[in-house]
Amino acid sequence: MARKTYNIAMVSDFFFPQPGGVESHIYQLSSKLIDRGHKVIIITHAHDDRKGVRYLNNGLKVYHVPFLVIYRQATFPTVFSFFPILRNICIRERIEIVHGHGSLSSLCHEGILHARTMGLRTVFTDHSLFGFADAASILTNKLLKFILSDVDHSICVSHTCKENTVLRASLDPLMVSVIPNAVVGENFRPRDYPAPSEQGGGFRAEPSPRLLGPDDMITIVVISRLFYNKGTDLLTAAIPRILENHPNTRFIIAGSGPKAIDLEQMIETNVLQDRVEMLGPIRHEDVRDVMTRGHIYLHPSLTEAFGTVIVEAASCGLYVVCTQVGGIPEVLPSHMTTFAKPEEDDIVAATGKAITAMRAGKIRTEKFHDEVKKMYSWSNVAMRTERVYDGICGTISEEEFYGFDTSGYNNGSRIRDFALIDRLKRYYGCGIWAGKLFCLCVVVDYLFFLFLEWWFPRENIDICPDWPRKPPAKDKAQDSMKIAMSRSTSSVRGPKLDR
Amino acid sequence: MPSPTDDETPFPRLSHAASLNSLDRSHLSPHDAFMYPLRQPFDGDGAADPLSHLRHLKDDRSRSRRRKRAWRKLMWVKQSYPDNYTDQATFLENLQRNPRLKPYDFWPLVADSTVILQHVCSVILFIVCFVGIFQERVSPVSLVSGSSFATFLGWILWERWVSEEQDKEDDPAAGGPAASATKTESIRRRARAASIRRPMTAPRAIPVSSSRSTSETSSSRPSAGSSTVNIKVQIPENEQLRVTSLASTSSTTSPTSPTSPLSPRTAPQHGADGQPMLRRANSDVMPDFALPSETNRLHQRLGTIKSAILIYCTLLGLSPILKSLTQSTSSDSIWAMSLWLLAINIFFFDYSGGVGAKFPASLSTNAALMASTVLASRLPSTKQVFCLTLFSIEVFGLFPVFRRYVQHRSFRQHVILTVLLILGAGWGVGVVIAEPKPVCWPWKRGIGGMAVAVMIAAIATGGCSWWLIGLQRYKNEIRGPWDPARPIIMSRPRWDDR
Numbered sequence: 016m017a018r019k020t021y022n023i024a025m026v027s028d029f030f031f032p033q034p035g036g037v038e039s040h041i042y043q044l045s046s047k048l049i050d051r052g053h054k055v056i057i058i059t060h061a062h063d064d065r066k067g068v069r070y071l072n073n074g075l076k077v078y079h080v081p082f083l084v085i086y087r088q089a090t091f092p093t094v095f096s097f098f099p100i101l102r103n104i105c106i107r108e109r110i111e112i113v114h115g116h117g118s119l120s121s122l123c124h125e126g127i128l129h130a131r132t133m134g135l136r137t138v139f140t141d142h143s144l145f146g147f148a149d150a151a152s153i154l155t156n157k158l159l160k161f162i163l164s165d166v167d168h169s170i171c172v173s174h175t176c177k178e179n180t181v182l183r184a185s186l187d188p189l190m191v192s193v194i195p196n197a198v199v200g201e202n203f204r205p206r207d208y209p210a211p212s213e214q215g216g217g218f219r220a221e222p223s224p225r226l227l228g229p230d231d232m233i234t235i236v237v238i239s240r241l242f243y244n245k246g247t248d249l250l251t252a253a254i255p256r257i258l259e260n261h262p263n264t265r266f267i268i269a270g271s272g273p274k275a276i277d278l279e280q281m282i283e284t285n286v287l288q289d290r291v292e293m294l295g296p297i298r299h300e301d302v303r304d305v306m307t308r309g310h311i312y313l314h315p316s317l318t319e320a321f322g323t324v325i326v327e328a329a330s331c332g333l334y335v336v337c338t339q340v341g342g343i344p345e346v347l348p349s350h351m352t353t354f355a356k357p358e359e360d361d362i363v364a365a366t367g368k369a370i371t372a373m374r375a376g377k378i379r380t381e382k383f384h385d386e387v388k389k390m391y392s393w394s395n396v397a398m399r400t401e402r403v404y405d406g407i408c409g410t411i412s413e414e415e416f417y418g419f420d421t422s423g424y425n426n427g428s429r430i431r432d433f434a435l436i437d438r439l440k441r442y443y444g445c446g447i448w449a450g451k452l453f454c455l456c457v458v459v460d461y462l463f464f465l466f467l468e469w470w471f472p473r474e475n476i477d478i479c480p481d482w483p484r485k486p487p488a489k490d491k492a493q494d495s496m497k498i499a500m501s502r503s504t505s506s507v508r509g510p511k512l513d514r
Numbered sequence: 153m154p155s156p157t158d159d160e161t162p163f164p165r166l167s168h169a170a171s172l173n174s175l176d177r178s179h180l181s182p183h184d185a186f187m188y189p190l191r192q193p194f195d196g197d198g199a200a201d202p203l204s205h206l207r208h209l210k211d212d213r214s215r216s217r218r219r220k221r222a223w224r225k226l227m228w229v230k231q232s233y234p235d236n237y238t239d240q241a242t243f244l245e246n247l248q249r250n251p252r253l254k255p256y257d258f259w260p261l262v263a264d265s266t267v268i269l270q271h272v273c274s275v276i277l278f279i280v281c282f283v284g285i286f287q288e289r290v291s292p293v294s295l296v297s298g299s300s301f302a303t304f305l306g307w308i309l310w311e312r313w314v315s316e317e318q319d320k321e322d323d324p325a326a327g328g329p330a331a332s333a334t335k336t337e338s339i340r341r342r343a344r345a346a347s348i349r350r351p352m353t354a355p356r357a358i359p360v361s362s363s364r365s366t367s368e369t370s371s372s373r374p375s376a377g378s379s380t381v382n383i384k385v386q387i388p389e390n391e392q393l394r395v396t397s398l399a400s401t402s403s404t405t406s407p408t409s410p411t412s413p414l415s416p417r418t419a420p421q422h423g424a425d426g427q428p429m430l431r432r433a434n435s436d437v438m439p440d441f442a443l444p445s446e447t448n449r450l451h452q453r454l455g456t457i458k459s460a461i462l463i464y465c466t467l468l469g470l471s472p473i474l475k476s477l478t479q480s481t482s483s484d485s486i487w488a489m490s491l492w493l494l495a496i497n498i499f500f501f502d503y504s505g506g507v508g509a510k511f512p513a514s515l516s517t518n519a520a521l522m523a524s525t526v527l528a529s530r531l532p533s534t535k536q537v538f539c540l541t542l543f544s545i546e547v548f549g550l551f552p553v554f555r556r557y558v559q560h561r562s563f564r565q566h567v568i569l570t571v572l573l574i575l576g577a578g579w580g581v582g583v584v585i586a587e588p589k590p591v592c593w594p595w596k597r598g599i600g601g602m603a604v605a606v607m608i609a610a611i612a613t614g615g616c617s618w619w620l621i622g623l624q625r626y627k628n629e630i631r632g633p634w635d636p637a638r639p640i641i642m643s644r645p646r647w648d649d650r
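Here the protein sequences come in this chain order: A and B. For the first sequence, position 162 matches number 177 in my numbering, and the numbering has no gaps at all. For the second sequence, position 286 matches number 438 in my numbering, and the numbering has no gaps at all.
Extracted from the complex, chain A is given alone in its bound form (with noise of 0.2 Å):
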């Protein structure tokens, strides 16, 4: 059977050139998708000197729609003056699935809010965690509630993510899916492993481990940036306990942020200026090189929903010590990391445990690097997500997308309809006033939508040619072309990242 093929639009307030994990996971999941014979284009906001239409690699097209930036790269909200644009877009392309990525992107509710008025299917990936306790968060929570009460299908990043945004957009659970993100492996390899072109296809020794004498200098690299809610605090208090307790131990530091000016003020005064090394903010494609030069990964952070990073330096053959939060300690199996708590001592003590554990040649990091590659792979990401697209167009049945379950909210198909009385019972059940004044915008949304339908006709608005599709391959056959698209891929990284 012909695998169907879909026309897809990304669309997000976070694409390159700003650097990020949400942004490398578009473009990634895009190139991937892209390879295995579906057409995808990604609608951001304009940069300064990025306008119009662009090309990235593997013919993947980026509308950089012009919009007022307020805060952090997030446009600002006009419900509605994203519809026009976004309608043209679509007829453009043809587009039938848009897929919005990120919370905090209102880009990305308004495309999915305008899709569904459209008549197409959306899909809304959630890449970050949210408490419920603050204004702010409460705010973002009502706003997730309105696009996610009719949006078809929401992939998260992790469990924990899952139960999170479950909770946060009173969803069916079952409608959820979890989608990790991946690594390239190829530009995560180990210092002295084997590049791939030299690998060939043929037999590849076993390699040997890497031992440490007791006298050898082991390096403990971090590499984030420096805010709070990515434990920097607990970094500043350990490392000169870390330090005390195990002589011939270094740590080289990556990263900026407001609490650099503590971790320096901590080096002043323990004074540890060479056993300390601040490298301040690198670029993405830097990372692997610093990751190299160490033995161990602290990632001391308070919250996190997936944690790439942490997936880069095991790739890169480091054992990685980090905190149990959010929704790290499903990530990596328990030979790669040794957990901590939240605490000072906690750390202080996971740390000098891997340290001991390595000087002990008991951790076979030279291993790591294929054990993630197996993992964590972009293409098995674009594999799965392929399914829910398949799931939402009803490609394969809804009792095989859902089960049998059908006892869910909305009393029946979890397949969403267009029918814009059926959508006005979703909305409206979102609260009490909350609910009337999402109806209301949904009914202004319709109206508008009938007007630009006899504004702008849809005869007249061009259809744009596509690029030769790739065949939608059997799978298998990709994995040959993988490594040269992925390494191909890597040259348009190339936004300055100071993580």
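Keep in mind that the hints were calculated from the coordinates and are not lab data. For glycine and all other residues, C-beta sits at the position ideal for the given N, C-alpha and C. There's no promise every hint is true.
The calculated label-pair distances, taken between Cβ atoms and stated as ranges, are [stated by the list, open to error]:
#1 B:A241 to A:S349: 40 to 50 Å
#2 B:I268 to A:K451: 44 to 54 Å
#3 A:D360 to B:L623: 50 to 60 Å
#4 B:V229 to A:L71: 26 to 36 Å
#5 A:I276 to B:I461: 56 to 66 Å
#6 A:V459 to B:A488: 33 to 43 Å
#7 B:I268 to A:R298: 55 to 65 Å
The hints should help you fit chain B onto chain A, whose structure is shown.
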């Protein structure tokens, strides 16, 4: 261990049994999390135990999933379940609701709310006094001399209490452990800095260190490992030195030159009432720290009296300016403005501040002083302006400090003070509302005001406490693994503990 790459394996289907079981809506949904009744004593009817529902679910599950490998809440492992599978055993298992809920009790709540009552009453008293001066029914001089005398009495009392407390703390058995713990910690950290540094920089001269840390380095010379032990042994003698000058809690005690640029001692010191205490001069002049505490206190008192006289004179000089400050503004605006400012004062006042709070709620105090300034500018004569401003400083600046100390010392005195304030405020309002008749002292109205005030106070504190307890039923705080963790940090960095 990770299974081989799963790009090609077909997607598993949702288990029939698992999904059929949940046809009777036994599905664990987020609404279950929200809809559990609170299991609090005031909930009364002891609503159905939510756990029985869960237990029932668990039984279903163990039967339905015997065939498959168990689902695990991990992402690196290849699951034999689809991506949108929701495991009912583990889904939302870490959800906590109202984890730190402390149910209130009625009487303690009422007792705590008296603090607010006291403050509101003192603000009312201030307004009453202003109206009295404004309508020229009260002589401003008698008012201010009375209140100044009361302030003086209060100060003497406060002084006695503080010194009593200090004597108690100076008792080495009582005051030792807590203080020395922090001390030990900071010394230990310094020793650690020294010991870390030594292998690296021993041959070099140490560029940034103060003389103190070098002396300690040399004192703990024997080995890096035992340095903390050595320091701990030294503590008793340090401690003895320290005890003699406990009033200056933050000044360090090692006998080194205090002129080092890094020394925390060079920061000016402030006493509990926020005035410079001349202590730095003391410690500079007398490095042996054998300063008798009596002399120290005398210095403190002299300093306080000096600053009191300073404020008095400044006010005297400023009064003519204050008098004409808002002449061009209409009285209505002034009344409205002072109402707002006093409301700000009440709402932003630091009711929770303990005895040690140094500059409590600067917004609140500033608002009150501004209110008194604009009110004073309505008064016709310089004398009145001066008296009102001085009175406001006493009421808003010093009286809260005294009240805090009373509350800290004994609950009985606190209650007596509260009752006096309520009665005073009620009496004042009753008198002021009356027409200014030069007949006689309006006893009747005063007593009526008192009765009304007591009633209002009782209704307000009781009613509000009862209401707050009733509102607890709606409390629904959700916590889970997605919340940012609270880091527990043992040793604050050294730049914090000066």
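Here is how each hint holds up against the structure:
no.	hint	verdict
1	B:A241 to A:S349: 40 to 50 Å	violated (21 Å)
2	B:I268 to A:K451: 44 to 54 Å	violated (38 Å)
3	A:D360 to B:L623: 50 to 60 Å	violated (39 Å)
4	B:V229 to A:L71: 26 to 36 Å	holds (33 Å)
5	A:I276 to B:I461: 56 to 66 Å	violated (43 Å)
6	A:V459 to B:A488: 33 to 43 Å	holds (41 Å)
7	B:I268 to A:R298: 55 to 65 Å	holds (56 Å)
When the structure is compared with the earlier hints, violations turn up for hints 1, 2, 3, 5 and for no others.
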